[in-house]
Every structure is written in structure tokens, then in C-alpha cells.
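Oh and the sequence shown: position 228 is 227 in numbering that gives the first Met the number 0, straight run, nothing missing.
The hints are simulated quantities; they were obtained by calculation from the structure and are not laboratory data.
Nothing here was measured: the structure is a model prediction, and the numbers come from that model.
Mixed in with the good hints, there may be bad ones.
As the list claims (entries may be wrong) - With a cut-off of at most 25 angstroms between alpha-carbon atoms, the simulated BS3-like pairs for lysine-lysine come out as follows: (1) Lys147 x Lys173; (2) Lys147 x Lys117; (3) Lys12 x Lys147; (4) Lys117 x Lys12.
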Amino acid sequence: MTTVYLNGEYMTKEEARISPDDRGFLLSDGVYEVTPAYDGRLFRFPQHLERLERGLATLRIHQGTGELADVHERLLRENDLESAACAYVYVQITRGAAPRMHQFPEGSVTPTVYAFAKAFSRPPHEEWELGSGAITVPDRRWSRVDIKTISLLPNVLAQQAAADAGVANAVFVKDGNAIEGTHNNLFAVFDGVVTTHPATHEILHGITRAVVLELAGRMGISVEQRAIPVEEFRTADEIFFTGTTTEVHPTVSLDGQRVGDGTAGPVTRRLFEAFVEEVGSRRAAEAQG
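Produce the complete structure using the sequences and hints provided.
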């Protein structure tokens, strides 16, 4: 039985009940966050919490987050994920249940806080090396993509377009530039330079993205944060995506055309290996601490 957290209580998933008047259900009025855990230890939790708090402040949802560290840890324990190689905790906070109206409800409304934990799998190395494909799609999302809201219909439709095309990912294209993926950040490599769209309101400020940029700096890999015209993007030597469950994953074809030599590129490989080591080193440091 899966244990979840809902509004201060732990219960089985089957017991969880959310009001049909909840504004998250009716209006997508809420935010969410996904934090990875390796061997039961949360990775970069302060950064994930900071992003969640920024989203709550932007949407003017008044909900404290002080208990969330304990919630994350307990959900990992309750669901036997303390020794899972890879897992994550999902938390969603909506404005709460109130009569349906577009403006904020009058009076005091208690936000809805829901969370669950789940294992995820890193692909075998041989499969990772083969990479995956992607297509380009128009970016039809709202203008504040930096806020991790639960309103994801454009992402759903884009990801379905990728599934229909028989590939793993879709790349959003906006104003002629390759922006990011449907559920992950996007990188290209040109002549050894790791290139990604800057952290503006047009992309999600990914935590894994930040880790990869940090690792690249440590490793002496040149980095550029700039807009990437889609036609230039098509000429990239390497393409890869980053994200909480994506980690660092190579893309070897784009719109049916081969990227590089059609396998994971050397820079992508180095960054993936560094990421895996970073996760391991942080686990070791936390264990010693």
C-alpha cells in the first residue's frame, strides 16, 4: 500500500480524498516540486524548496514549508525507499477548496498540500549510450515558465506528439529558438562548448540544470548561456536533456535527422559520469555528516 501525505496526515493513497471544489482541480491554481533521493537521501533539497517557495510567493498562496523536509523523509521511510537507488518525492500545493471563480476566493482558504514518494530507474548504461530521439514543436505555454505550476496541458500535448512520433522527447521552439523540453531542460554542444538557453522566464530554472552547469565549470568545460536558433540547434555536435528523473540523457536524433554520430557524445558522457559521481559523493558526505 502506498503511503501519501495530505493536509497534515499520512494515509494510504486509496484513502486520500480531495474536494471537487479544489482550485487545483478546477483551475490549475497551484504549484508543485519534485526532489530526487539517492539511497534515501534527498539531493539538493534546499534548492528545490527555494524554487517551491518562490512559486508560492508568485502565486500568492500563503502556505508555510517548514514541515516539508520531515514530510519528504517520512514518505521515503513509509514507502520503503530509504535504500532505493533512485527515488523522488512529489509535492503539490494548491490554493485550496473554494467556490469556483477566476479571482482569488474571499476570506481565509486553507491550501491543499499533497505529497507522495516513488522510485524511478536509471537506464542501463548500454541503453543510455544509445540515447533517444526528439522532435521540435511550437512552444504554446504561458509566459512564466520559470514558475513550476501544475498547469501543464501544453507540455502534455507536446509530449504526446513525441510519443506519436515514436521518440522520447519534444523540444519547444519559441521565436525561432530551441528553448527546452516538455519536462526537462535542454543543452547542445558546439565544438566542445556546452550551450543552453539562459535562465529567464522562458524556461524552468532546473536544479539538475544548475548542477550540470556547476560540474561543467569544475571540469573546465566552456559554457554559453544564450538563445539557440533552431536551425543552429540542428547542427549541434551533441544534444542532451537534464531533469530530476531525466538526470543527464543524450538525444541522438532530432526530427528524424541524426545528431553527431548518432550515439551519446563525449561531452555528454563526461557530464553524466560527473553527475553520477556528484550524487555519490554527496551521499557519502551526508553519511559522514
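Keeping to a limit of 25 angstroms between CA atoms, is the pair of Lys117 and Lys12 held or broken?
Holds, at about 12 angstroms.
Are Lys147 and Lys173 close enough, with their CA atoms no more than 25 angstroms apart?
19 angstroms, holds
Given the hinted pair Lys147 and Lys117, is their alpha-carbon gap at most 25 angstroms?
Cα-Cα ~19 angstroms, so holds.
Checking one constraint from the list: CA of Lys12 to CA of Lys147, max 25 angstroms. Satisfied?
This hinted pair holds, its Cα atoms lying about 24 angstroms apart.
Taken one by one, the earlier hints all hold for this structure without exception.
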